[in-house]
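Enquirer: Each chain, letter by letter, is given below.
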Amino acid sequence: MTMLLLLFIFVLSIFLGLELIGKVPSQLHTPLMSGSNAISGISIVGALAATAIHGTFGTILGVLAVAFATINVIGGYLVTDRMLAMFKTGKKD
Amino acid sequence: MDTVINLSYIVSATLFVFGLKMLGRVETARRGNMVSAIGMLLAIVATLLLGGLDYTWIIVGLVVGGAVGWWAAAAVKMTQMPEMVALFNGSGGLASMLVGWAEYIRDPNPDLVTSIAIFFAVLVGAVAFTGSVIAWAKLAERMTGKPILFKGQQPVNALIVGGALVLGIIFVITPPTSYGLLLIVILLSLILGVLAVIPIGGADMPIVISLMNSYSGVAALAAGFVIQNNVLIVAGTLVGASGLILTNIMCKAMNRSLANVLFSGFGAVTTAGTMKVEGEVKPITAEDAYYILEAASSVIFVPGYGMAVAQAQHAVKELADMLEKNGAEVRYAIHPVAGRMPGHMNVLLAEANVPYEQLVEPDDVNPTMELVDVAVVIGANDVVNPAAREDTTSPLYGMPIINVDQARTTFVLKRSMNPGFSGVDNPLFFKPNTRMLFGDAKTSISTLASEFKEAAAAA
Chain A
1 MTMLLLLFIF VLSIFLGLEL IGKVPSQLHT PLMSGSNAIS GISIVGALAA
51 TAIHGTFGTI LGVLAVAFAT INVIGGYLVT DRMLAMFKTG KKD
Chain B
94 MDTVINLSYI VSATLFVFGL KMLGRVETAR RGNMVSAIGM LLAIVATLLL
144 GGLDYTWIIV GLVVGGAVGW WAAAAVKMTQ MPEMVALFNG SGGLASMLVG
194 WAEYIRDPNP DLVTSIAIFF AVLVGAVAFT GSVIAWAKLA ERMTGKPILF
244 KGQQPVNALI VGGALVLGII FVITPPTSYG LLLIVILLSL ILGVLAVIPI
294 GGADMPIVIS LMNSYSGVAA LAAGFVIQNN VLIVAGTLVG ASGLILTNIM
344 CKAMNRSLAN VLFSGFGAVT TAGTMKVEGE VKPITAEDAY YILEAASSVI
394 FVPGYGMAVA QAQHAVKELA DMLEKNGAEV RYAIHPVAGR MPGHMNVLLA
444 EANVPYEQLV EPDDVNPTME LVDVAVVIGA NDVVNPAARE DTTSPLYGMP
494 IINVDQARTT FVLKRSMNPG FSGVDNPLFF KPNTRMLFGD AKTSISTLAS
544 EFKEAAAAA
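Protein sequences appear in the order of chains A and B. The first sequence lines up with residues 1 to 93 when you count with my numbering. The second sequence lines up with residues 94 to 552 when you count with my numbering.
By construction, these hints were calculated from the structure, which means they are not laboratory data. By construction, the Cβ of each residue, glycine as well, lies at the ideal position given by its N, Cα and C atoms. Just so you know, not all the hints are guaranteed correct.
Derived Cβ-Cβ restraints for the label pairs, each shown as a range [what the hints assert, rightly or not]:
1. A:Leu-18 / B:Glu-120: 21 to 29 Å
2. B:Phe-523 / A:Val-11: 49 to 57 Å
3. B:Val-254 / A:His-54: 29 to 37 Å
4. A:Glu-19 / B:Ala-548: 51 to 59 Å
5. A:His-54 / B:Asn-446: 53 to 61 Å
6. B:Ala-379 / A:Leu-18: 43 to 51 Å
7. A:Thr-2 / B:Leu-242: 31 to 39 Å
8. B:Leu-258 / A:Leu-4: 20 to 28 Å
9. B:Gly-491 / A:Gly-55: 55 to 63 Å
10. B:Val-259 / A:Val-11: 39 to 47 Å
11. B:Ala-167 / A:Pro-25: 23 to 31 Å
12. B:Pro-248 / A:Leu-5: 39 to 47 Å
13. B:Ala-168 / A:Pro-25: 25 to 33 Å
Work out the full structure, taking the sequences as your base and the hints as a guide.
Expert: Shown next, in the form of structure tokens:
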């Protein structure tokens, strides 16, 4: 039953995702890409849970997953913010 | 406690949705990124409330990963942004692959749906990982940017995909005895990521990067089914869908079908156009170019990857300021696939403080191109190649381009007469109203700007 619910959430998310990014102006393509790229670091949640695995090898996999997911999350958000900070309009300054 | 954690996941999924929505508009984009980051923080904190985690090692992982990510994001130059995004993307894919693998270690006898999810998480995660690393290597010029082709490439790829699928099916049916098969699937998937990206040329990288972005979302989604976690499923699906939409936009801008991309081997142009190129190449000196620009009242810059290589964006902005002071209207026509990632040129020009209102898309500028006095092409080639409009035999035929050949005068700033990444000759260089300004783009632009300065000082 849990799996069915998760499938249900998945299917609805597809439609939500397709609707969400309908028309994006081209100057935002890069920030949108790197911003959504940072979100894909959400696998950090799975990585954190994986460290609960007992046994050395499982822990090693978990820690590696945490480290790589963190690179994705921290790097992704910071770099997106750096780019967006540069977008200026001619009206100000 | 479980209820608190799950409620937090709902909130963070909501924040991701709002964040992505806000990223789609210039005015709200920066706040949108912040909103989505808060959602991520919430998801991480909530997960830490789970019992039985190994907190010592978690801190090690967070500190190491955080330091690397922070350093990389702070140190990267804007011109190197495409390869950086590729690397971040690769580490996300790798993390999802490891999550799938670790879950099998925890429970070597998962139920059917979970084992299918493990298979997909390692497959897609591994492809996103090595595919992104190869994309990085191509963009950072650690390896050739040209397509790498070998005989029987397609059958080999098909064999690897087929092999991974067959092993995957056996794994899914009998997980407890199939650890070896899972390891082989991981290995095959890593190889597949490499083979999928090496035949793709540098100019097609915008498509590859956005596709890899989509894959890393799908990998996170699969990992979500592995650990039965709704926030992973929602976030992964959102990224997968948005990446697919972006990929589709890029494909349209290059006149390629998505299927053509997915089954790779693209970017490898083997047939050149047969239309005879007529006319002669007319070089121009910076001084003569200055006189023409000085008299112009409407100027359009068309940047391409060459501007990124020469790091000429600041010089371009300086020249544009001079032109505006001189009374000319200045705009920048940006082709969606100019550069090496979606929106590459926009980021570089934003770095040089170009207001985004001056950035226009091909459809906005093409109808009035006849009214433009000078179009300055800076290191762009295929996106201004009129063969895409005129020559039905050209591999570029049908690709929407910026019609600079219809401007009154066109300057092409170029190092040499080499064709673009597609390897296709450009008839634009031989048109009667085209003038070639050979040399390094940054030097040429700076020379033009200093001509304006001298003239202003003399007046």
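Enquirer: Provide an ascending list of the numbers of those earlier hints which the structure does not satisfy.
Expert: 7 and 10
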